[in-house]
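A.B. asks: Residue numbers (numbering that gives the first Met the number 0), protein chains in the order written: chain A, 0 to 353; chain B, 0 to 249.
In short, the hints are calculated from the structure, not lab data.
Cβ atoms here follow ideal geometry from the backbone N, Cα and C, with glycine treated the same way.
Warning: the hint list may mix true and false statements.
[Unchecked claim] Below 30 angstroms or equal to it, Euclidean Cα-Cα: the simulated DSSO-like pairs (lysine-lysine) are:
hint	chain 1	residue 1	chain 2	residue 2
1	A	Lys41	B	Lys200
2	A	Lys191	B	Lys157
3	B	Lys157	B	Lys200
4	B	Lys221	A	Lys45
[Unchecked claim] Negatives, chain B to chain A, calculated, CB over 10 angstroms:
hint	residue
5	Gly40
6	Ala46
7	Met53
8	Tyr55
9	Ala72
10	Arg79
11	Pro136
[What the hints assert, rightly or not] Which bits of chain B does chain A cover? Going by a derived footprint, with three or more residues having C-beta under 8 angstroms, they are:
hint	segment
12	120 to 129
13	206 to 216
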Amino acid sequence: MAEKVLMKGNEAIAEAAILAGCRHYFGYPITPQTEVAAYMAKRMPKIGGTFLQAESEVAAINMVMGVAATGKRTMTSSSSPGISLKSEGLSYIAGCDLPTLVVNVERGGPGLGGIQPSQSDYFQATRGGGHGDFHMIVLAPASVQEMADLTIHGFDLADKYRMTSMILADGTMGQMMEPVSLEAPEVHTYDKSWAVTGTNCEREHNIVNSLYLVPEALEKTNFERYERYRMIEENEVMYEEFMMDDAEICIAAFGVAARVSKNAVLAARAEGIKVGMIRPITLWPFPKAVFAKAAEHVHTFISVELSMGQMIEDVQLATKCTRPVLLCNRAGGMIPSPEEVLAKIKEVAGGMSK
Amino acid sequence: MIVFDKPKSLTDAPLHYCPGCTHGIIHRLIAEAIDELGIEGQTIGIAPVGCSVMAYNYFTVDMVQAAHGRAPAVATGVKRADPSKIVFTYQGDGDLASIGTCETIHAAARGENITIIFVNNAIYGMTGGQMAPTSLPGQVTQTSPYGRDVATQGYPLKICEMLSQVDGAAYLERVAVNNVKNVKNAKKAILKAFKNQVEGKGFSLIEVVSTCPTNWGMTPEKALEWLNDNMLPYYPLGVYKDKYAEEAAK
């Protein structure tokens with residue numbers, strides 16, 4: 000294992016991307032993710048890569064699309080309002096089946112909102128993130144180490160399935176410092192015969208395109224894409240279970256909310272309350288099966304979120320509303336404290352014993 | 000014996016353009032330039048949104064279809080990924096001078112080593128004839144039915160004039176394809192814009208003043224006359240910037 004270094008989450012993403020072979024980064028300053036761009040601006044010129052501060056988020060995602068079309072690894076990063084601007088590009092990238100990595104270090108919204116941590120882009124990320132039928136693989140890190148590991152994994156998933164992997168972090172994950180171990184990953188090769196690399200006058204031309212004027216043809220591409228999505232749902236789900244074996248109350252939380260909730264679970268366990276936690280690591284595909292299984296013995300679910308309640312709908316869907324799913328939330332840049340989560344757990348436990 | 004051949008860099012796909020449309024001529028001039036420079040195997044084209052969206056079917060080179068106005072950003076990505084490739088965009092006036100103005104100006108400001116072919120026919124063709132950023136004052140379109148009123152609908156953008164103030168731009172020329180002489184000049188300009196890129200000279204943009212007989216509501220012949228009498232006085236032909244010629248003259 001490589002030596003541990005102390006890094007900010009945003010920097011860990013940048014260095015991990017470089018280790019994963021990304022040599023083309025395009026971005027635009029926005030708090031709280033600007034450290035990714037600053038890190039790339041320092042590193043890329045030293046390793047023969049491209050760092051380009053684009054004129055807008057819109058331009059940045061389209062530059063990413065250009066590099067992706069050539070088959071090379073590329074990424075952009077932003078925060079909530081900037082991701083809204085990128086949604087046009089995300090849709091075209093999906094329509095063209097191009098592999099890219101996009102980072103969203105979320106802040107509170109809507110509108111300009113604030114610059115404090117949030118998870119209120121959950122719907123935007125997990126429901127596609129732009130017009131038309133499509134998905135992104137959405138990865139939710141809960142530590143600086145995971146910021147790095149999921150970035151590397153995200154590049155591989157993007158190449159494997161020819162789509163966007165999104166790192167959905169929040170301002171806390173981006174800004175906090177933790178020891179992290181960074182190692183060059185195993186190199187995988189992927190078929191990129193579709194890429195625009197110049198025909199060299201040796202093959203038919205490749206066309207990277209999302210336009211299909213014949214509806215039957217467009218429908219076919221959608222069905223094929225969703226067949227790929229089905230394989231992802233089958234093979235790429237990631238989650239962590241914590242003290243779930245005998246749990247009667249189950250916390251659902253990701254990112255910083257999961258870290259807070261873990262403390263609350265430990266405190267509740269110390270008081271004899273049978274509570275556990277499921278932490279989705281892939282938000283899309285959502286770990287439906289593990290929630291469905293938990294619903295066999297869990298009495299009540301509590302979705303802990305930094306939003307007005309978005310993931311809660313996926314928990315309800317996964318458990319088919321067979322159990323109550325309550326919300327424990329803060330919004331607008333506020334983070335729930337372990338005490339607030341513990342109070343919610345106790346409230347539920349009290350109700351159950353009555 | 001003179002044999003008239005189709006350029007190698009054009010596919011056999013029949014063009015979908017309306018009768019009298021000048022896109023076909025401009026496609027051919029680009030293909031001739033690519034052939035003459037021997038860069039067919041190294042060239043990557045970026046198609047726009049608009050009438051020429053399906054340009055990707057007409058060139059034998061690798062092609063990417065970009066979102067409306069974003070071709071210069073996509074071209075920037077493609078070029079930065081492999082600077083040895085020759086990258087061009089083909090864009091209309093709505094695409095380049097309205098929704099993509101920002102991407103155009105900043106690609107020029109960065110001095111991206113790319114070639115832009117900008118087709119200005121003063122109207123949105125694909126969507127059925129709406130006012131373009133380059134529609135002339137008084138010009139009647141579907142969305143300026145009483146004629147473009149500059150008091151409420153503003154003035155046309157003169158792209159070559161505007162970009163001539165951008166330090167990063169290397170070569171800017173406005174040409175037309177309304178007669179043989181102008182077509183020959185257009186060919187020379189397009190060839191130079193590609194050659195500049197091969198030589199690493201930076202950002203080149205050729206504005207081609209063009210017609211849209213269908214949406215102008217004219218016969219092809221009348222459209223060429225209208226171009227000559229109305230567009231050329233507003234959009235004078237000529238070289239607006241040639242950084243290397245200026246430097247050589249110093």
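A.B. asks: Now, for every hint given, state plainly whether the structure supports it.
C.D. replies: Consistency of the hints with the structure:
The hinted pair formed by Lys41(A) and Lys200(B) meets the criterion: a straight-line CA distance of about 27 angstroms does not exceed 30 angstroms. Between Lys191(A) and Lys157(B) the CA atoms are separated by roughly 41 angstroms; this puts the pair beyond 30 angstroms, and the hint is violated. A distance of roughly 23 angstroms separates the Cα atoms of Lys157(B) and Lys200(B); the hinted pair therefore holds under the 30 angstroms criterion. Taken as a hint, the Lys221(B) and Lys45(A) pair is broken in the structure, with Cα atoms around 59 angstroms apart against an allowance of 30 angstroms.
For Gly40(B), the condition that its CB be more than 10 angstroms from all CB atoms of chain A is violated, with the nearest at approximately 4 angstroms. The claim that Ala46(B) lies off the interface is violated: its Cβ sits roughly 8 angstroms from the closest Cβ of chain A, which falls inside the 10 angstroms cut-off. Its beta-carbon lying about 8 angstroms from the closest one in chain A, Met53(B) breaks the requirement of being farther than 10 angstroms from that chain. In this structure Tyr55(B) is not separated from chain A by more than 10 angstroms, as the shortest Cβ-Cβ distance comes to only about 5 angstroms.
Separation of Ala72(B) from chain A is inadequate, the least Cβ-Cβ distance of about 4 angstroms not exceeding the 10 angstroms criterion. With a least CB separation of 5 angstroms from chain A, Arg79(B) falls inside the 10 angstroms interface cut-off, contrary to its annotation. Separation of Pro136(B) from chain A is adequate, the least Cβ-Cβ distance of about 29 angstroms exceeding the 10 angstroms criterion. Under the rule that three or more residues need a Cβ within less than 8 angstroms of chain A, the assignment of the segment 120 to 129 of chain B is violated, with 0 such residues.
Figure legend: the segment 206 to 216 of chain B, annotated as covered by chain A; annotation inconsistent (0 residues with Cβ-Cβ distances under 8 angstroms, at least 3 required).
Consistency note: the structure conflicts with the earlier hints numbered 2, 4, 5, 6, 7, 8, 9, 10, 12 and 13.
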